[in-house]
Structures are given as structure tokens and as C-alpha cells.
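Asker: Now for the letters of each chain:
There are 4 protein chains.
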Amino acid sequence: MKVSIIGATGYTGEELLRILANHPETEIIHMTSESQTGAAINSIYPHFNGFYDKKLDSMKELEQIGAASDAVFIGLPHGHAMAAGKVLAQYDTKVIDLGADYRFRDSKVYEKWYKVEHVHNDSGAVYGLTELYREQVKTATIIGNPGCYTTASILALAPLAKQQLIDTDSIVVDAKSGVSGAGRSLSLNSHFTETFENLKAYNVAGHRHTPEIEQALTDFTGQPVVISFTPHLIPMSRGILSTCYAKLKPGITAAQVDEAFYSLYQSEYFIRLLGRGGYPATKNTRGSNFCDLGWHIDERTGRVVVLSAIDNLVKGAAGQAVQNFNVLFGLDERTGLMQAPLYP
Amino acid sequence: MKVSIIGATGYTGEELLRILANHPETEIIHMTSESQTGAAINSIYPHFNGFYDKKLDSMKELEQIGAASDAVFIGLPHGHAMAAGKVLAQYDTKVIDLGADYRFRDSKVYEKWYKVEHVHNDSGAVYGLTELYREQVKTATIIGNPGCYTTASILALAPLAKQQLIDTDSIVVDAKSGVSGAGRSLSLNSHFTETFENLKAYNVAGHRHTPEIEQALTDFTGQPVVISFTPHLIPMSRGILSTCYAKLKPGITAAQVDEAFYSLYQSEYFIRLLGRGGYPATKNTRGSNFCDLGWHIDERTGRVVVLSAIDNLVKGAAGQAVQNFNVLFGLDERTGLMQAPLYP
Amino acid sequence: MKVSIIGATGYTGEELLRILANHPETEIIHMTSESQTGAAINSIYPHFNGFYDKKLDSMKELEQIGAASDAVFIGLPHGHAMAAGKVLAQYDTKVIDLGADYRFRDSKVYEKWYKVEHVHNDSGAVYGLTELYREQVKTATIIGNPGCYTTASILALAPLAKQQLIDTDSIVVDAKSGVSGAGRSLSLNSHFTETFENLKAYNVAGHRHTPEIEQALTDFTGQPVVISFTPHLIPMSRGILSTCYAKLKPGITAAQVDEAFYSLYQSEYFIRLLGRGGYPATKNTRGSNFCDLGWHIDERTGRVVVLSAIDNLVKGAAGQAVQNFNVLFGLDERTGLMQAPLYP
Amino acid sequence: MKVSIIGATGYTGEELLRILANHPETEIIHMTSESQTGAAINSIYPHFNGFYDKKLDSMKELEQIGAASDAVFIGLPHGHAMAAGKVLAQYDTKVIDLGADYRFRDSKVYEKWYKVEHVHNDSGAVYGLTELYREQVKTATIIGNPGCYTTASILALAPLAKQQLIDTDSIVVDAKSGVSGAGRSLSLNSHFTETFENLKAYNVAGHRHTPEIEQALTDFTGQPVVISFTPHLIPMSRGILSTCYAKLKPGITAAQVDEAFYSLYQSEYFIRLLGRGGYPATKNTRGSNFCDLGWHIDERTGRVVVLSAIDNLVKGAAGQAVQNFNVLFGLDERTGLMQAPLYP
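Residue numbers (numbering that gives the first Met the number 0), protein chains in the order written: chain A, 0 to 343; chain B, 0 to 343; chain C, 0 to 343; chain D, 0 to 343.
Be a bit skeptical, because a hint or two may be false.
Said to hold, decoys possible - Partial selection, computed: residues in chain B whose CB lies under 10 Å from chain D: (1) G49; (2) Y51; (3) T284.
By construction, these hints were calculated from the structure, which means they are not laboratory data. Remember, it's a predicted structure, so these values are computed and weren't measured experimentally. The beta-carbon is built from N, C-alpha and C at its ideal position, and this holds for glycine as well.
Assemble the whole structure, with the sequences as input and the hints as a guide.
Answerer: In C-alpha cells, the structure reads:
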């Protein structure tokens, strides 16, 4: 399959390149960068010496790229992807957008949280959290690949939400991410000396992944869900841990909670259930497409606490994009994604 | 004042030494270690060259130490401190225990969570969270110095609890700590390669700082409080960030929340209020006795989120112990504690 | 091919498992651990969930293991591997030892530096620095896989040594390693809080990798070489950077230096030449079998400075072991080793 | 004493503020920043809440500042400090420049390495490596405060150079620094995800601290010295370790080497001699003005290896500046500099 990457020099683009280097069914025909058009990708990322030496193209040739590609991955900032998607929609190519533009069924929600008008709201895009929306993904043309925090959080809460085991107004998601989630653009928040041996929250009560989690939980429970979501910046490069709290409905037993997880996920390769009492650690997922889940029942407070760990650049971005690609093209979902985590 | 440190070679003992090196009113007359009796403290901690070269004594001489000291700091594992405290109570010396043995008014709570019998439950010990229990500290003989997580969490929630602004059954405390909180004893969890670029929760629904937070919140609200508390291990050396969630009672306004913080803390030097919308960062407190607080109101969910940052070894341990010492002896509370945070 | 791993639970054993998980021509039939015999490997390393769930065997069955295996990798402490190797030598199996026991042609050198008697000095072992000893490796039965520092350092200096471009008594190797090189055994030096934001040298003028580098340089120059070698501990998990200094012989030109590197390595896949003026970075090799080389000529002092970066657990241990395995069995040398580096 | 800081918002300016907060003999009357004039210093560095809330002035008022100050610290980029120094020289104020402009007696050397014309080469500036140039410092008006790498390296080599124990053409200095040395300006090299778990050299054979080390060694040996100097970037915030190699002259004994160190430094408070066989660690100096030294003799190669650790922002910058200030004003050299290192 011929694939192209629009916006290849950010960390999600770079991670796609890493994964696709071991994907036996793909050939990358275009990678683009507007700021570094014409440069060789391995001059920007020398770790790719021996894998890639392709020159970066420009999005100005997007029509050609669309015409020549079986699939196009988009790694652009929100607001720009939908313009590109609209152009690509004219061609016989699948589109997998790693940004936010195609994640919301209700473009009003998107517009409220992202403060831009949606210009492609008849796209028919499908939300690509593979394990939970696989049937829709299979026949999609445009996929809105989920955010990193949202992947970890939705996978943690879906079993409980689908089985109606929790009070939906009691949900608190306290999430922690490595710095790679902030991308490669320079900022004081990503400056080594400011972030090293430091820890803080940001965007309390206003992070844009909040409505994405709510959309999924509303799907699963059949009623409008509003949650508290707090992201934190952790002094490490990769990894997200999402700690999710909810009150169990009266009478719900530990066995029912366990059953909710096992029945939903037991045949999912990329979901590893550590069981009740389990402690996922981000490092156990580093460089891999796994989501590790453990859950705990606090008898004293009547809450269930679900812990969810992923590599934010893999299952939280490029890995899940490739997983969706595999589903779209009828390949084994694990194709190109079978690297063991890098530990220690 | 003549002071002694029982258990001087753990990180809290070592941090006491660092702080007392700049305390103009103290002279350290004994420091003990059972495993390294006779060794010079600067052979164990070479960073103290130029400050200390004293030989470590043994607790076997505890009676002598008690008789000779105006104050004794105890840095022993729980269960051992109360035995030492019982001996020291016979002498005219103040005791500040940095462990858990003297933190609970109800020794049944202690025994339930710590699984040891309390042998000194008539000690009259006072809980030493200075800003909130200062009057009791002034006249105490034995002080139970608070835990690190608890200091950050109680300081965050006290204004809301005292003003009865929150539903007490809605409290979730999601706390994150650097690795120094685990001490200097070797373990796989503190092994560099296992912890670096890694992130995980531990002791969900069972951490021993939980009842300590509950005791204080029960004091402040006048009703039994049960909370969800989750600690996490962060790949850095020092620092705790506590993210505290609670539902506001109906009708409570942002102004009332603000007022609760300012009225309680505005004249406290070591509490720095970053205000509504503020983001404490652990690095801003590193090496200092400050607790930085910021709070956020989530209109969508009706929750208040309080963020609280401290250096776990200073305000969370040795610094607060010295603050209590200053209160006990009528000194300016800031004596020896005026170092600016070490940044970056 | 049927392969076994003796000593599978240290970091080099674990890294072998990671790499072999993607090796299409191998099946792991035994993995041993004396301290954890009977435990499942994924209970010790949960990141292997989904890859391995085999139970750990004991070395007590070494004879059976030898008889059943086409190749045996040994990840034991020095002194123990040669005893195992002696047993295995009776069987029709290749042995690749990742420790020091089979690295020295002159067992006197081994005995002097390692302070143990060599009990298998007629083994006919071959030194497995693949790019430089490939012909011998092809026909070997027992391979002494090189050390991590030595791999980086010898690859850096070999071109200059083989072309006789440098004064052999002027060589200084200043090497820096991540903490994973110290293994998984607990020690204060690998304790997170002691090592984080810390930097120090160790074993100055006495590190055991010194004679290994000298053996190779003596091979290449034809005269006895003695070097200064200083290892340093860097607060990161993986990666070695070796900074190698030598005086150029009078009249040697930059072009000759360049030519020495290109002629020796230009067709080596795993050696990536960044050229004169190039700056290898350990992160560009993380998780991969590459050695990145750059060199600099200091006109003012007449020295050449060669910089060499590897992942200590891959090219410096398990990766090179698999590379040697591939050579031994006539496979493409890159089999199982084509993962792109994990960046960032 | 009234002091001002020109360029207060970089890390060296910020570190001066931290140290001076505990200096009993100084009052800061002006702090300047051209990019953030008018902002309060604690809005830029919130860790200073409780210490400083002064507004930042502009250098446009430099004449007033000079007239009002007993001493002015300059924390400007090279090339800008000498212009400021020239203005300040008209006033009765001492000037301590933390940059390179006043470090070289021969302005030709400065101009060659820094590529700018020196506009104040009749300044009579004194090189402020306190322990080695104390007598000159006492009577100076303008002090060129040494660089961070140079402080560590010169202190390491001075005893050997002064006693003529080493071959001066054999000196190799391999130095490693934390990232704070690169300052607060944003760059990809200081971007967290690029630097974390990464290690590389930079500016091989061209770093500007080279001629500064050479100037001092030339002073001490009485003959022109040329050295190889290689800096490396280490994934930590603070700390420099300098590993210095030199050939001992024939016949020099270990006792002579020891004597060289002890005779020069035994009464220096800020130089801590760990002795022959000692291993300085940067963490033991963190936040303090110490330089820790250890030395090793390699009998096999005839080299001496000196290890030198400092905190680059303290003894390598702001701490030594304050030390020089103390000397200039006849204060105890340790005033304001007696904080114990922050460990762990």
C-alpha cells in the first residue's frame, strides 16, 4: 500500500515513520513539511539514518499526493487538518488524521472547545479508538484518531460505562503525561531545566481532551456525561498514566467490575489486563501499542479506581493510527506493531 | 539549644542536618545510627564535608541523650519511635517524631493502619501541622510531625473544610511524589533503571497517609470524613504535588472559595497563595519550607480542584519539624528556614 | 533454530528476549534463573505480557539444555560463564557468552584483571566484535561477546589503529554510560535518588574493560598498546558515549583520517558514519544495534577526537550477540535487528 | 552594601538573587532586564515569592545605577558586558562581570575566540578565580568572573601546573555539564525531549572556555600551554564534572602529587580534597560553592587523572561572583555562601 504523511517532522509524524519502517505492507511515497520542504528527513532526525533518506515534500502538492496514495496520515495542528482532509476527500484514499479535527460527531462541540469553525463537518469521519469503534473503522473513509489522554482514559472507563456500573456524575480523571506530548515546538514548558525535577498540572477544567472523553462515555452510557479532567506534566519523555475515579452504583460487586473488564477486553491483543489490584507502569508500554489496565475497589468510599498506562506516541497517537490503517485494509491488526516494549 | 537526632542517616535525618547547619540557635550534640554506629556522618554523606564530621552514636545511650538534649528529633521507622519516645518522656526534653507513631489521637486508628500495637498512647502528643495546629504545638512535649503527602493535602483542603464549602463524601486526593519519599533503603522500586522514565500508582485505597488526612478533615468539618487517596511515584528526587477534588456545596461561589484561602493563610509566611487559577510547581519549592497553593473552579462539574506543591523532605518532613521546634522554643518560626528554593 | 538463555532475568538476558521476540528464525526453548526458577518470565518483567509466559528453568539441567539447543546465550556473572561453557562444549551447540570469560585470548590477562582462575582456557573462543572479527566469528563455536564500553571504544579507534595513524601511547578513552550497565542488582550507586541529577567517574585506571580495548588495539597495530580509560555514570538508563583522544603521527592529514573510517566501515550497516565534525548522540541509537561515529581533528594540539555512541544493552550486549548469532548461522546479519531507534 | 544586577533574568542572574537573599551585607537596589523591563521578578520566577517582588529596571539607566551602587554584577551575553563595564568604570563602583568580556589579559585572544572587537581593553580587569588570584582580586575594580568549565578545570590542574609535575602538551580535559549551563533561551538542544536520556559532546576543539584554561595554566607553568578540551551535555540540570588527564614528568611520585594538592588548597574552605583515589560527585556540591577534587595515578600509563566537581551556577558562576564580592569588600569570604549542598 502506498502511504503518505502530511506533517512528518513533529513527534507523531516521526513516530509513524518509526513504526512504518517495520510495516511489511506499506511504502511511504510522500512525507511533507512546510517549514523544512526539501530537506532530507534523516538530516532532521539522524536516528533514521539507515532507514529513510527521502526529501520532504510540500503540502502544496496535496492533490497529487491524494491521487497517488492508498492512505494519507495527517499530523497537522488542529484547524489545518480539516482543510487538508477536504481536499483529500476527493480522491480514492483513506485519511487518518492524528489531530482533533475529525474526532467529534457534533462539530459544535469541536468549535466550542477549539475556537475555530469546522469547515468539513459532512466528512462522515469515524472516531478511531479501535477496540471500541472497530466496526465503524472498518468501513470508514476518514478517521479521527483519538488523543493520547483520551485513549488511556476511555479504555479505562469503557467497561464500567458500558455495563452502567458507575455514577456518571462522579467521574474524575487525573492524568499524567511525559513531555513528548507537548511536541517539538520550543516553549519554556518544554525547556529541559524548567521541566526536569518538576511537576505541575495545567489546563485544569479546560483541557480539550475533556469533551472527547465525554463523547465516548455518553455513547457508552446513553446519557450525557460530564467529567473532571486534570492533565499533569511529568519529567519524562514518553508515557501516560490515567488514574480514573468513579462511585460504584449501590450494590455493584467486585465480581461485576472484573467481569466488565474481562468480557470487553479479553480477546484484545493490545489491551493487557493486569486484573483487580494491578498496577500498570508506563515503562512497561514504552515504544509499544499496549494499553495496560488495573483496577481497584475502595470499599471505604465506594469508589472504583482504574489505572491505565500507554505510550502516548504509540497507542496514544501513531501506533493506534497504524492499527486503524490495518483495520481499514483488512490486515492483521498487529501488523507492524509487534515490537516488544523497550525496558528498562 | 542542644538538639539530638535519633536515626540521622535516612533522608529525613540528613535533611534535618542540612537545615540545622544554618540554624543559629541549635547545637547538635548527638546523631545516632544503629547500622553505622561509630562512623563519621560525612563519610556516609560526603556532601557534609565542611559542615559535620561528628561520629554517629547508638540509641543504646538514649537515656543519656535525653538527659542532655533540649530537643530530640526522631527519624526512625514507625513502631520504633514510640518506644524511644517513651524513654525520652522521662526527661525534660521536647520530642519531635518525624514518623507516624505520634500522629493519631485515636491509637486504634494507628493500630488498624500500621498493624502494630501502640505502646505510648498516653503521650499527650500533638499533631504538628504547624499552620493548623500552632496553638497546641506551642505547649506540646511530644509532636507527631505530619507525613509528606498529608501536609500537602491537608493544607490544600483545610480552607474548604473549615468553611464547610464542600461535600465531604466527594473528596478525591490524587498525589504524586518524587522518589526520595521512599527513603534510602534499597528496593527495586527505587532502582534507577526501573523508576527513570516510569510512572505508576501504588497502595491505591490503602496508603497509610489516608487516615491522617481524614483525621484532620474530621477535625475541621466536625463530621467523620472518608476520602479516596492515591499516591504515585514520579521519576524525580524531591517534590510532592497533591491534586485535590471536591464537589462544592450548592450555591457556593468562587468568591467564597477565594475568601476561605485568603482568610486562613494570608499571614502565613510558608503558605504562598497563587490564587484562583494558579499552578503550583514542585520545583518552585525545592529545598524550601513553602507550600504553594492554587485552586480552580470547574463550573461544568461543580467541583473545586486544589493544587498543592511542597518539597517532601522540607515542608513534608524536616523543615516542618524545625518549624515546630521554633514554635516550641518561642523562636521566629522562620529561623533556619529562610533559604530560597533551588531553581532550576 | 532452537536457542536457550542461561541467566535470563538480568538486563542483558531481558534485552535478548526483547530482540529475539522479533527474530523470525529462532525459538527460545529454555530460559534459566537460579534465584527465580519456576517463576514465569512475565511475572518478573510484565512488559513481556503478550510475548512470553514461559517458566524459568534452572542451570541444573544445563546438559539437557545444551543437548537440545542450536545455540546458547549466557548472561551470567564473570567466573560462572566459563564453567557453564565447559559443560556446553560437549554438545553440538554454539555458545555466545555475554560476560567477560571468553573475551581474552591470553587467560593470564583475564586472571590478572578479574582475579579468578580461568578454567576453560582451551575453549578456542573467538572475540565477537562482529565488524572487526567477522571471519573468525563465522567458524567459531564459542564467542566472547564484547563489553559495552569496549564495543564503543574499539569501533571508534580501530580505523586509526589499523592505519597506524596515531601514537599508541597517547590514547585516552573517556567513556560515559547510562545506569542500565550496572544491571538490576540493588546497590546505592543505582539507587534512584543517589544517581539522579548526579555525575561521577568510577574505577579510574582500573576498569576491567581496559585490557579488552588494549587487546584489540594491539591486534590492529601489531604492538603492545596501553591506554587510559575512565568510565562515568550518567543519570539516564541506556546509552554509552565514548570520547577517544589520540595524537596523530606527524604529517597525518585529515583526509587520511577520513579515509581510514570510510574504507573500514562504509559497507557496514550497523556503523553509521556521521563524518568529520559529526556529533553522535546516544538517543539516536536507543533500542537499536547501531554504533554512530563522528571524528574531529584539533589542529592546535595535533589530536584526533573520535566520538562513538551506542545503546549499551544492544550493540553493547544483546544486539551484538544476536548479530554474532546471525553470522554463525549464515543468516542476514540484520535479522531481528532492524528496529528503528526509539526517539525521543 | 548596595548592589545591582544587570541582566537579572537569566539563570546566573537568578542564582545571584538566590544567594544574595541570604547575604547579610547586601541590599539589591536595581535588577535589570531589557526584554522584561517593568515586570516583577517574582512574576518571572515565582519561586522568589516571599523573597523579592522588585520591578525590573532597564539598562538605559545604567549611569544612575552605577552612581548608586557599591557593586554591580553583570549577567549579559559576551560583547555587551564590556560596553556596560566601560560606562560603569566612570563611577565609584566595583564591577563583577559573569561573562567572558573581562576574562582575558590579552584582548587579542578574546577577539580571536569570541569574534568581536574588545572595546574596553584598558580596563585593568582581574581574573576572578578566587583561590588562585585572590591577591589581585582584593584590589580590583573590574573582575572577570571565570567560566563554569574553566573553574572546575583550572582548580583541578593548578596544583600540578604550579609544581611543574606534568607534561604540558599532554593535557586532555574531558568535561561534562548539566543543561542549565546553556541558559534559559529556548533551543532544540535544551528541549526536554531531545536532551532527556541523551548524551553528546559539542564544540570539540573549539569551545571558548579552552583559551581561558590555557591562560591560567600558562600563568602557572610559565610556558605556553595548549590543551584539548571537550564539553559534553548531560541530562541533568546542575553540575559539572571535569576529568583532567596529563602525563606525569619522569620520576614524579604519588607523594609529590598529593603534596601539590594539599599545600595549595588545605586552607581553602571551598576546595574539598577527597584525596588520592577520591571520587567527586556533582550532587555533593549542588547548590553550594564547593569544588570537590579527587586524583588518581595510573601507573600503567604514567598519567594522573584529576576529577573536579562543582555546581556550575554557584562555584561556576554566581557563587564565585559573591565570593569575589566578599574579597573585594573585606568580608569573610564565606558570607552568604554557607548553605549546605542540597542532597539528594
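Asker: None of the hints should be skipped; say for each whether it holds.
Answerer: These are the hints, each one checked on the structure:
Interface hint at G49/B: satisfied, since its Cβ lies 6 Å from the closest Cβ of chain D, which is below the 10 Å cut-off. Here the hint on Y51/B is kept, as its CB sits about 9 Å from the closest CB of chain D, short of 10 Å. Interface hint at T284/B: satisfied, since its Cβ lies 7 Å from the closest Cβ of chain D, which is below the 10 Å cut-off.
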